Amino acid sequence: MSSSNLRFYIGLLIAGALVFFGVQALTEGYYLLVAFYILQYIVLATAWNILGGYGGYVNFGSACFFAVGGYSTVFFYKLLGLQTLKSLDCGWFVITGPYLSYLIIPASVLVGAVISGLMGLGTGYLTLRLRGVFFAISTLALTVVVQTLVLNWSYVGGARGAYVMRAPSVAGFTSTNEFVFFVMLLIAMGALAIARSIERRKLGAGLEAIRDDEDSAECSGVPTLQLKLQATTISGAMMGAVGALFPFFVTFVDPIGAFNLVHTVNSIAMPLIGGMTHWSGPLIGAILLGGVQQYFGSKNMVTPELSLLFVGVLMMVFVAIAPNGILGLWQRLRGKEVK
Amino acid sequence: MTAPLLSVQGMGKRFGGFVVLDDINFEVYPGERLGLIGPNGSGKSTTVNCLSGVLIHDTGQITFDGQRLDGLKPHERSYAGLARSFQIPRPFARLSVLKNIKVPMMFAAEKRSGRRFNESELDAQARHALDQVGLLGKAELLAGSLTQIDLRKLELARAIAAQPKLLIADESMAGLATSETDEILALLLQLNSQGIAVIMIEHIMRAVSAFSQRLVVLAAGKKIADGPTQEVLRDPLVERIYLGD
Amino acid sequence: MEISTILDLLANALVAGIMLGGFYAAVSIGISISFGMLDIANISHPAMIMLGSFMAYLINSHWGLDPLLIMLLIAPLFGFLGMGIYRVYFQLFESREKDPRRGLAFFFGLLFVTDVLLILFFGADLRGVETSYVDKVLNFGVVGIPLRLLIPFFIGVLVVLCMHLFLTRTFFGLAVAAVSQQPLGLRLMGVDPVRVKQIAFGLSVATAALGGAALIIIQPVEPALGREYIGRVFAVCVLGGMGSMSGTLFAAILLGVAESLTSTFLGPSWSPAVAFGILLFTLAWRPAGLMGRN
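Residue numbers (the working numbering), protein chains in the order written: chain D, 1 to 339; chain E, 1 to 245; chain A, 1 to 294.
Hint data in this document are derived by calculation from the structure and do not stem from the laboratory. Heads up, a few of these hints could be off.
Here are a few chain E residues that face chain D, going by a calculated C-beta distance under 8 Å [as the list claims (entries may be wrong)]:
hint	residue
1	G71
2	F86
3	F92
4	L122
5	A124
6	H128
The structure presented is a predicted model; accordingly, all values stated were derived computationally and were not measured. Backbone N, C-alpha and C fix where the C-beta goes; we use that ideal spot for every residue, glycine too.
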């Protein structure tokens with residue numbers, strides 16, 4: 001492994017360990033909550049940026065991909081009767097209560113990722129042959145449609161919502177919440193690693209070429225449709241993964257909360273404000289913007305609407321005067337041209 | 001008689017009711033220098049776009065290196081060995097000059113060579129390509145910040161980075177000063193000497209006549225002349241089309 | 001179900017669909033102008049419609065004016081608002097390098113900032129208007145047409161007609177039609193293309209006001225209602241051929257009928273899916289729409 005890769009992964013592991021043990025040490029559950037949401041936004045922002053930042057195709061459907069992940073968990077919970085599952089007999093051995101979560105939660109995350117990934121692939125296949133603006137409009141309309149479908153789907157609770165029962169404890173962790181947080185941390189670390197990997201490889205270079213000039217990229221041998229579909233699928237899958245995890249954290253899922261526009265807005269504003277050309281941009285944006293929202297939200301100083309207003313206005317300001325985000329400003333300060 | 005590298009037969013294209021290309025036939029042989037000329041609106045750009053796949057032709061066949069190109073997407077045609085530069089340079093503006101060269105290498109050239117290039121190979125080859133066109137010193141600059149002449153050189157460098165058998169140079173000298181035109185001309189001759197066939201689309205007559213072995217002349221979407229350069233230039237029909245040129 | 005009942009339902013659904021379609025034309029024509037003709041993806045348009053609805057509610061509840069009258073009053077205001085928005089948009093995005101993401105992000109920001117402001121001011125409750133005709137129904141045999149649908153239908157047809165006449169008979173209208181194709185030609189005639197686009201965009205937002213006022217005649221509104229219209233207005237624009245006035249009307253009626261039939265026979269919850277389905281279908285198979293423009 002090259003030295004820069006080694007440094008990245010070691011740094012990632014250290015950061016992850018710091019976050020986990022740090023949150024564990026701060027016994028107040030509040031910090032775990034805040035950290036969870038910031039990690040969730042790191043993933044959503046990073047996922048959005050793969051298609052939007054690298055590739056230049058704006059996705060207005062982050063909330064939809066997120067919610068579909070969440071509802072896939074609800075659906076399979078109901079379907080497989082996981083509510084009442086006390087133990088699982090696998091033939092050679094039995095998985096009992098405290099260990100069940102090791103199977104159920106990651107499996108749900110995987111399923112959510114696959115379903116949202118497929119949705120990304122499908123939407124992309126239908127609309128990515130055309131200009132980016134049609135993809136954007138379609139994702140916006142898609143959110144409304146899927147939300148309406150879920151609202152009217154009584155099996156997953158419809159408008160009333162659905163409960164997802166978690167195991168009362170998980171072996172090796174002080175609480176189930178802590179385990180869920182741990183899984184989220186792993187997903188976030190994975191997301192950053194994936195984004196960085198894409199950035200440094202052919203897929204990333206191809207996406208950037210597509211962003212800068214799609215026809216020119218085609219003539220240079222870049223299989224534009226293929227790459228766009230790959231990016232949409234990966235992006236959708238990541239959003240679905242955190243969406244699928246979410247019910248385990250909040251235990252109650254409803255269409256209004258799951259499809260909340262705040263997920264879409266944040267997943268765009270965070271990379272925009274942090275910087276869209278590097279994997280660290282969404283990270284910076286998520287920590288800053290997410291942190292601010294969590295802080296003011298917890299102090300009950302602002303309503304969710306005001307928070308949304310703040311993010312929206314901030315986003316418009318950045319798009320107008322600092323479209324390359326904080327990373328861009330930093331690079332300008334150092335005298336370098338922005339990549 | 002060697003087989004043609006590119007064979008265009010009966011190619012036609014219409015936009016709505018307007019016929020832009022009508023029954024275009026011509027051939028390009030391996031390593032040849034062909035000039036494609038004609039007045040504005042004669043269909044040269046459309047021909048280039050149909051050859052590269054950016055536009056889909058309505059009728060006719062395009063055969064390249066023994067392979068039918070009809071229905072292939074532009075990136076697939078680049079894999080076959082067909083490269084084109086754009087009339088108005090279309091660089092990847094937010095990428096470095098070096099990365100601009102790496103992209104066609106990573107995709108077209110790698111596919112054509114049948115093996116993967118590793119990072120250092122890619123870097124070395126890209127720098128070599130930049131050196132050939134005299135842009136090595138600007139490798140780290142953003143492509144969007146280059147001057148016109150440098151953009152044109154980059155445009156050509158990107159096309160050849162794809163390791164093509166045929167390069168379609170679409171008005172690569174338009175708007176340049178005389179000395180700059182000569183630079184581009186020398187570049188194209190140098191590329192050709194490496195075995196790359198070149199179709200030069202140009203309005204600058206002295207460049208085309210100096211460069212081309214054969215000329216194909218288009219007018220109002222039809223081919224009106226096709227033959228050795230000097231013969232075609234003396235053709236009274238061609239002279240009439242170019243009255244005042 | 002008896003055949004006669006089914007035919008009954010069918011007839012009513014068709015008529016209601018056509019009425020609805022006329023209304024959809026009113027709300028979509030703004031997009032036909034801004035997106036179809038000026039190539040500006042103004043996704044905040046549905047929020048402008050809702051703004052129009054709530055303005056109508058406000059004025060109606062305070063001064064008792066009829067929405068039809070309010071429509072005429074607020075349309076010019078919205079026109080100026082639109083011109084202002086375009087001025088900002090042009091200064092920031094179109095005059096510089098074209099990164100289409102910035103324009104999209106700008107209008108998206110405008111969309112939900114407007115949405116949030118409406119929620120902050122009016123809350124999430126339904127707001128309706130008091131009119132003399134809100135409950136009247138005209139009966140033609142088995143078919144009953146509520147006036148609250150008929151009037152917006154006529155508004156829609158009227159708006160399309162006026163716009164068509166404007167674009168084809170007036171100098172300025174012809175300039176708008178020409179501005180994206182022949183900006184140089186316009187300049188040579190001494191007409192500033194930017195000014196033309198600005199006024200055209202203003203017109204498109206003004207029609208949103210008309211549409212919004214028409215909407216509140218049909219039903220009480222709440223801010224979240226705007227979301228359903230994103231799919232609808234763009235579906236109509238694309239299906240109608242991106243900028244064709246007659247296309248917009250036909251596409252809107254097609255959408256209205258499709259939604260009405262779906263609603264009657266499959267249930268009202270499927271309505272948003274109809275628009276989206278039509279949008280995807282058109283994008284996949286005929287991006288130039290019904291009355292294709294090449």
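Each hint tested on the structure:
1. G71: Not OK, violated: G71 of chain E not within 8 Å of chain D, min 14 Å.
2. F86: 7 Å, holds
3. F92: Interface hint status for F92 of chain E: holds (4 Å vs cutoff 8 Å).
4. L122: 10 Å, violated
5. A124: 17 Å, violated
6. H128: 18 Å, violated
Hints 1, 4, 5, 6, counting from the list given before, are not met by this structure.
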